[in-house]
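Chains as they are written, first to last, in numbering that gives the first Met the number 0: chain A, 0 to 421; chain B, 0 to 421; chain C, 0 to 421; chain D, 0 to 421.
Mixed in with the good hints there might be a few duds.
As the list claims (entries may be wrong) - Derived DSSO-like pairs (lysine-lysine); straight-line CA-CA distance at most 27 angstroms:
id	chain 1	residue 1	chain 2	residue 2
1	D	128	D	285
2	D	325	D	64
3	B	107	B	128
4	A	128	C	128
5	D	130	B	130
6	D	128	D	107
7	D	64	C	64
8	D	285	D	130
9	A	130	A	325
10	C	325	C	130
11	C	128	A	130
12	B	64	A	64
13	A	285	A	107
14	C	107	C	128
15	A	325	A	64
16	D	128	B	128
17	D	128	B	130
18	C	285	C	107
19	C	285	C	64
20	C	107	C	130
21	A	128	A	325
22	D	107	D	130
23	C	128	C	285
24	C	130	A	130
25	A	128	A	107
26	A	107	A	130
27	C	130	A	128
28	B	128	D	130
29	B	130	B	107
30	D	107	D	285
Claimed, not checked - Derived coverage of chain C by chain D (criterion: at least 3 residues anywhere in the stretch with Cβ under 8 angstroms from a Cβ of chain D; other residues may be distant):
id	stretch
31	9 to 21
32	48 to 57
33	146 to 159
34	328 to 336
FYI, nobody ran anything at the bench for these hints, they're computed from the structure. From a predicted model like this one, the values you see are computed outputs, not experimental measurements. For every residue, glycine included, the Cβ atom is placed at its ideal position computed from N, Cα and C.
Protein chains: 4
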Amino acid sequence: MTLTPPALSVFETLESEVRSYSRGWPAVFDQARGSRLYDEDGHDYLDFFAGAGALNYGHNNPVLKRALLDYLERDGITHALDMGTRAKRAFLETFRNVVLRPRDLPYKVMFPGPTGTNAVESALKLARKIKGRESIVSFTNAFHGMSLGSLAVTGNAFKRAGAGIPLVHGTPMPFDDYLDGQVPDFLWFERLLQDSGSGLNHPAAVIVETVQGEGGINVARTEWLRGLAEVCARHDMLLIVDDIQMGCGRTGPFFSFEEAGIVPDIVTLSKSISGYGLPMALTLFKPELDVWEPGEHNGTFRGNNPAFVTATAALDTYWTDGGMEKQTLRRGEQVESALVALCAEAAAEGAVYRGRGLAWGIGFPDPRRAAAVCRRAFDLGLILETSGPRSEVVKLLPALTITPEELEEGLRTLARAVRETA
Amino acid sequence: MTLTPPALSVFETLESEVRSYSRGWPAVFDQARGSRLYDEDGHDYLDFFAGAGALNYGHNNPVLKRALLDYLERDGITHALDMGTRAKRAFLETFRNVVLRPRDLPYKVMFPGPTGTNAVESALKLARKIKGRESIVSFTNAFHGMSLGSLAVTGNAFKRAGAGIPLVHGTPMPFDDYLDGQVPDFLWFERLLQDSGSGLNHPAAVIVETVQGEGGINVARTEWLRGLAEVCARHDMLLIVDDIQMGCGRTGPFFSFEEAGIVPDIVTLSKSISGYGLPMALTLFKPELDVWEPGEHNGTFRGNNPAFVTATAALDTYWTDGGMEKQTLRRGEQVESALVALCAEAAAEGAVYRGRGLAWGIGFPDPRRAAAVCRRAFDLGLILETSGPRSEVVKLLPALTITPEELEEGLRTLARAVRETA
Amino acid sequence: MTLTPPALSVFETLESEVRSYSRGWPAVFDQARGSRLYDEDGHDYLDFFAGAGALNYGHNNPVLKRALLDYLERDGITHALDMGTRAKRAFLETFRNVVLRPRDLPYKVMFPGPTGTNAVESALKLARKIKGRESIVSFTNAFHGMSLGSLAVTGNAFKRAGAGIPLVHGTPMPFDDYLDGQVPDFLWFERLLQDSGSGLNHPAAVIVETVQGEGGINVARTEWLRGLAEVCARHDMLLIVDDIQMGCGRTGPFFSFEEAGIVPDIVTLSKSISGYGLPMALTLFKPELDVWEPGEHNGTFRGNNPAFVTATAALDTYWTDGGMEKQTLRRGEQVESALVALCAEAAAEGAVYRGRGLAWGIGFPDPRRAAAVCRRAFDLGLILETSGPRSEVVKLLPALTITPEELEEGLRTLARAVRETA
Amino acid sequence: MTLTPPALSVFETLESEVRSYSRGWPAVFDQARGSRLYDEDGHDYLDFFAGAGALNYGHNNPVLKRALLDYLERDGITHALDMGTRAKRAFLETFRNVVLRPRDLPYKVMFPGPTGTNAVESALKLARKIKGRESIVSFTNAFHGMSLGSLAVTGNAFKRAGAGIPLVHGTPMPFDDYLDGQVPDFLWFERLLQDSGSGLNHPAAVIVETVQGEGGINVARTEWLRGLAEVCARHDMLLIVDDIQMGCGRTGPFFSFEEAGIVPDIVTLSKSISGYGLPMALTLFKPELDVWEPGEHNGTFRGNNPAFVTATAALDTYWTDGGMEKQTLRRGEQVESALVALCAEAAAEGAVYRGRGLAWGIGFPDPRRAAAVCRRAFDLGLILETSGPRSEVVKLLPALTITPEELEEGLRTLARAVRETA
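One chain only, chain A, in its complex shape:
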């Protein structure tokens, strides 16, 4: 397939230089169904990117689409801030019945605005209000968002520099295996907490991703997560799991922390919660933490009712039994087998793979190689992006609803791209 980049377009002349994906994937996309994207020149692409994790059920999932069209056609209320609506009630009831109750999770549900960073900002505000302390601990290579509160607990130096002010009140701690097993888990963190002379401002909370997506698909072991929960409990800090990318089934279970058997104090969800790629986010917290005053945090688009409708449909369709979780784990094994074989090839020398559920990464010693693989894959009709602090990791994030055949096809294309860039 040959791609002619579009002539100097309105994207180049009018849109800000801040655009990024459009540079790596020089096409003008038009339609999409399931795991396929179509550009206006008639090319189609297999999607191993899934809207950066916002399309766990594929593009324009037909069941969700039907619910959405019905709602819009009958003039269901679209925009409602935090007014009571039938669509919101249906979502809340379904979320309670399908997600919370079967997992014995006691959470209250907050609509903090429709994006992940809204959810993170609200979680940090709440934690600080409850504990009366400013400091938050985050982890190396964390990614939590672009507004100033979230950015202060994000690791990436390039993104942080964009703030234009010194980012304070956050302290990084080593993520699982950050120091290559040379240091016992939490040795440093807990020593700082125990020592009143350490200079660490006592944190209100710890915010963590169970698998760091933007950070390079770094997978925390379940025992590490349990250890972290214990550190938090011992030292009067709230545990916030940012499940924006890894929740909604990405790692298998609905919440990525289920396997570890922990119950975080606060959980953020966004990306795939609406199921259809519509902006929506949730902040969940234990009921005793619901100390908000009415209106203390708000936002214009926190009542995006079409998203509530597709979210409800997604939960009803995929999460009333354990089928989705089992399927994701099976698909994950399929990916793992392929990556085992691929990393054993001479063409992939030095590459390492890691992942959980349907979030996988291949780390290359040289970041330029990761970029080359993605570029070649795109030419071959496969959408893949990089992640990691130096963009050295090729990230595989297919829709959970991908068929085994599509998955196989994509993994074959990936292998070819690796070989052809060796």
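Once you've looked at the hints, dock chains B, C and D against the given chain A.
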């Protein structure tokens, strides 16, 4: 009309205490068309709230709805981050042809994420990056959003306290007429800027709303806005107009600053830009300010393509000629006449009205009266909210597409509510 | 008199470029007595500078010197941190009997370290601890010190930039007459405090100098000071008077705020408190504010006992009756008469004078003129420095013990310097 | 010896509750000579405290005293800000000839104000100005001072809380052996620096004490200090050694870092630099770092000329040859032998000793034991204080001029106090 509040519902038991509108309007809304809302018990409400300014073209506007349904039905790509798409291209071209070119505005367009606070955060980041300075000047009673960057330039003490950290790098200056005409415009601000001993950190930028919506419908005079632009030019500060609530025609012209004849360096838009209540936001800036690196600011939902589709339809439908602006000004006169009469009544003693275009407020000496008026209006089938630092202002924000008859009806109901709460 | 600047000396080669006075006064000083300085080349200088206000009783005052020598000779303890010593007890008793009791001032006394900025840092810490709030209001052209806490409430942009971090938690308000009488006192400040939407973080305290020395000899009226005390009382803010330069009799009474009849919550003293130019500082506060934990603020040199000895001798010698105050006011009148005449001369066109007690300034329209006057005065044997944000004010700060003849001589030299630089 | 605490004295009624040493040592001290203190009731005390390290040459050292009295008697200028004086010139020349040149140290000399925290504040300002970055790395259990800049890099939580604002821009790293040898030196620190995704703001500088005095006599190994200097060089950070307590011969050589063979970029000195307990401090830096503008940092008491006189005398008397260093190391061996024996006693079970030169500590498992030892020692006529985050370390800081007999006496008293508190 009698309203029975719903029995202890999932809103009370599951949704966080942070919810606010649902407390003042104890109904479960179901459908909406134009300026009418319908609850599940069959009551209907006239809407003088317009989704806090996000529904300038009314609920589920049929022209926009048709475009949206068509797009969704043919599986137009929904979620695309900042990839190039046909829907985005169409929007950019239309925005250029219908909005920017006719007004000789040279702006580049950034998609900063789908909410107003995303746009404000990106504007502040950009200004700080360009000027290499941290400090921002905002105005008394400003409202710019709930994430930490935006909240630091927001006036409301209750919202600010929610941050849980000291909000710094922002300094408030008096908004137009804040000191009741006792002080020449910008005397204090400019004296601070001129005096190297003043203690004011030299600001990177000034952020202003031309009419403060949440602040209580405080209207800046055009000469004050021009004066402000001159102060910014003289002292090497960028001028950011936050047109999130007052843009998209709310005050008459597409941008609220057009009447003043100024060209801000940076403009934020959100709320009614999609036209359908779908989350979408824009940050506009002069081309020489486009110093972003690719990906320096990003966000999952910055490519909400259904919103681009309705936004394009809204521009095509309402902004290709000057009709909408004229109609809004006419409707505004209709409101003003009614408020003149109302404030002259004994029942409204001490009340003052102010506004521009279709953004109006009635300030009451006692905030409890404003609350009572809104409560009574709701019982009478009219949706109205309060604003201002003490919630002492009844805010009128009808859809721009409201008919003269609907407007009359609402103004009559308002007058009745005022009388019945005297 | 001709002065040969010293050959490239150890000051040029070894001392940091940060040195400043040695540049304007290129001599190597050796001895000093009363209001006279002597350099190593045998020149003598009349002193209208008094160690920047640290030598109110002149250089090497013989009474204080006797007490100091006696103490040192008998091996009185020199360095004692905050241990109990006879010298500290004598000072405390004398300070209570001579200063506090006759003025009905109930203050507790803290030794915060031996410099003014130590005193200011401790005052701000205490105020923040008591009120649980971070924000402090200071005034335009304030000067409170060079460590980060004090610098954040100092106005001078050049000094502030030296911090290397954004200085936050402080907000400047207009000092008395800052806006040239165009604005009622405290209109802006109090409006911000009353308005919960103003965006001003509620301050813990206000810090003020009654006469701004470094700021250019700006004299607050007594009614303004009383008004400020009332604003503080009304809005639950502590009033801190920084009397480091203007206390110890500089304006006439021992404390500069006595004339206004106010009782600040916290007072800082330093500079002339030891009376001999030895490092010493005090923080005074109302007893109910003494909420310090033992050791919560400390410092190695807070027990500089030789300074306690000279401080005690100074109080005993000069402050047991009202003689010093009367004499200072008389000397002040002598200065004022001379300045009235001088500013009326053609040579001083555009110059304005202002002052109180023995703190006076002549402001010139062009800062270069102020520098020229000081330079010429130095050549003529008179030590004078500039102050003000642009160094546009020639500052007169003679010792309180200066004789009428010396004062006359200095004023004549000043007049000559003004004329010769016209 | 029995001590009757003084009746309710002016210390209790007038001095602030912040006083601390006077609580542990309830005497009123009067005179002092060498290593002996005398209270007004005729008791004498052997001094193992040396003014918290400010009296390395003992109390009222007769050689320094003679120089000081001569200077004062002949009316040598006392207070001179940063004017050139003969006393300052003599000091600078002596410091160059006796301290800098023989050690091949190229430093410029700054007089930042007379206290340690002035020196630290100036060092941090300079580092931030040079690097244009805000962040500073300090170490666990560091102590650098009480003003806000210094406090932000100090570890003690109790002191930090006194700030009343969140202390930011500082990040603690593990001091040598903090993690009990379980982690390679600088593994964590350097990993953070190498990883652009770590979330550590790139520091302008690292500030370190070679032996942490207040932190509990924690001794950094010379190889650790060299490693630290290399980390700084590799990552473009300035190395600041805070030698306020450990400089001036406390550990043997004049600078405590000499043994490690490193040349810090910036060095702070205070405490014993004047030699007589008079307030004085220095900031030293490599000449290429002398980017200060004249007057960018200043302070009233930075020209405390009597201190320059005693400082010069101290250098001339003790540092023109290597005798003082050798003697200190010999005395240190004497202390170490005694502590080896003491810690082997049953009465000292669990106690550990550590130290270098004449700075030693005995750490007890239970902080109450350390307090009891000091209390008992005081009753027995020996002045000793505790340090460490929990005050669990008895600190031995005798004057460098102590005789072997006095040292023996003190060590015997210490041993008795340990035994009697078992």
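Here's how the hints hold up against the structure:
Between residue 128(D) and residue 285(D), the direct Cα distance comes to roughly 15 angstroms. Compliance with the 27 angstroms bound is thereby established for this hinted pair. Pair hint residue 325(D) plus residue 64(D) holds up; C-alpha atoms about 24 angstroms apart against a cutoff of 27 angstroms. Annotation: proposed proximity of residue 107(B) to residue 128(B) holds, straight-line Cα distance about 17 angstroms (limit 27 angstroms). At most 27 angstroms may separate the alpha-carbon atoms for a hinted pair to count; residue 128(A) and residue 128(C) meet this at roughly 18 angstroms.
Between residue 130(D) and residue 130(B) the CA atoms are separated by roughly 18 angstroms; this keeps the pair inside 27 angstroms, and the hint holds. Distance hint between residue 128(D) and residue 107(D) is fulfilled; the C-alpha atoms sit about 17 angstroms from each other, no more than 27 angstroms. Of the pairs offered as hints, the one joining residue 64(D) and residue 64(C) holds, with about 15 angstroms between alpha carbons and a cut-off of 27 angstroms not exceeded. A hinted pair counts as satisfied when its Cα atoms are at most 27 angstroms apart, and residue 285(D) with residue 130(D) qualifies at roughly 14 angstroms.
The suggested pairing of residue 130(A) with residue 325(A) is violated, with an alpha-carbon distance near 39 angstroms, which exceeds 27 angstroms. Restraint check for residue 325(C) and residue 130(C): not satisfied, since their Cα atoms lie roughly 39 angstroms apart, outside the 27 angstroms limit. Straight-line distance between C-alpha atoms of residue 128(C) and residue 130(A) comes to about 18 angstroms, which keeps the hinted pair within the 27 angstroms bound. Taken as a hint, the residue 64(B) and residue 64(A) pair is honoured in the structure, with Cα atoms around 15 angstroms apart against an allowance of 27 angstroms.
For the hint pairing residue 285(A) with residue 107(A), the CA-to-CA distance comes to about 6 angstroms; that is within 27 angstroms, so the pair holds. Of the pairs offered as hints, the one joining residue 107(C) and residue 128(C) holds, with about 17 angstroms between alpha carbons and a cut-off of 27 angstroms not exceeded. Under the criterion of a C-alpha separation no larger than 27 angstroms, the hint pairing residue 325(A) with residue 64(A) is consistent with the structure, at around 24 angstroms. Taken as a hint, the residue 128(D) and residue 128(B) pair is honoured in the structure, with Cα atoms around 18 angstroms apart against an allowance of 27 angstroms.
A threshold of 27 angstroms between alpha carbons decides the hint, and for residue 128(D) with residue 130(B) the separation of about 18 angstroms falls inside it, so the pair holds. For a cut-off of 27 angstroms, the pair hint linking residue 285(C) to residue 107(C) stands: about 6 angstroms separates their Cα positions. With a C-alpha separation of about 33 angstroms, the suggested pair residue 285(C) and residue 64(C) falls outside the 27 angstroms cut-off, and the hint is violated. Proximity of residue 107(C) to residue 130(C) is assessed by CA-CA distance (about 18 angstroms); at most 27 angstroms being required, the pair is judged to hold.
For the hint pairing residue 128(A) with residue 325(A), the CA-to-CA distance comes to about 39 angstroms; that exceeds 27 angstroms, so the pair is violated. At most 27 angstroms may separate the alpha-carbon atoms for a hinted pair to count; residue 107(D) and residue 130(D) meet this at roughly 18 angstroms. A distance of roughly 15 angstroms separates the Cα atoms of residue 128(C) and residue 285(C); the hinted pair therefore holds under the 27 angstroms criterion. At roughly 18 angstroms between alpha-carbon atoms, residue 130(C) and residue 130(A) fall within 27 angstroms of each other, so this suggested pair holds.
A C-alpha spacing of about 17 angstroms is found between residue 128(A) and residue 107(A), which places the hinted pair at or below 27 angstroms, so the restraint holds. Pair hint residue 107(A) plus residue 130(A) holds up; C-alpha atoms about 18 angstroms apart against a cutoff of 27 angstroms. For the hint linking residue 130(C) to residue 128(A), the alpha-carbon distance of about 18 angstroms falls within 27 angstroms, and the restraint holds. For the proposed pair residue 128(B) and residue 130(D), the alpha carbon gap of about 18 angstroms is at most 27 angstroms, so the pair holds.
Straight-line distance between C-alpha atoms of residue 130(B) and residue 107(B) comes to about 18 angstroms, which keeps the hinted pair within the 27 angstroms bound. Taken as a hint, the residue 107(D) and residue 285(D) pair is honoured in the structure, with Cα atoms around 6 angstroms apart against an allowance of 27 angstroms. Residues of the stretch 9 to 21 of chain C lying with their CB closer than 8 angstroms to a CB of chain D number 11, which satisfies the three-residue condition for coverage. Counting residues of the stretch 48 to 57 of chain C whose CB falls under 8 angstroms from any CB of chain D gives 5; the rule of at least 3 is met.
With a threshold of 8 angstroms between beta carbons, the proposed coverage of the stretch 146 to 159 of chain C by chain D holds, since 7 of its residues qualify and at least three are required. With a threshold of 8 angstroms between beta carbons, the proposed coverage of the stretch 328 to 336 of chain C by chain D is violated, since 0 of its residues qualify and at least three are required.
In terms of the numbered hints stated before, the structure departs from hints 9, 10, 19, 21, 34, listed from lowest to highest.
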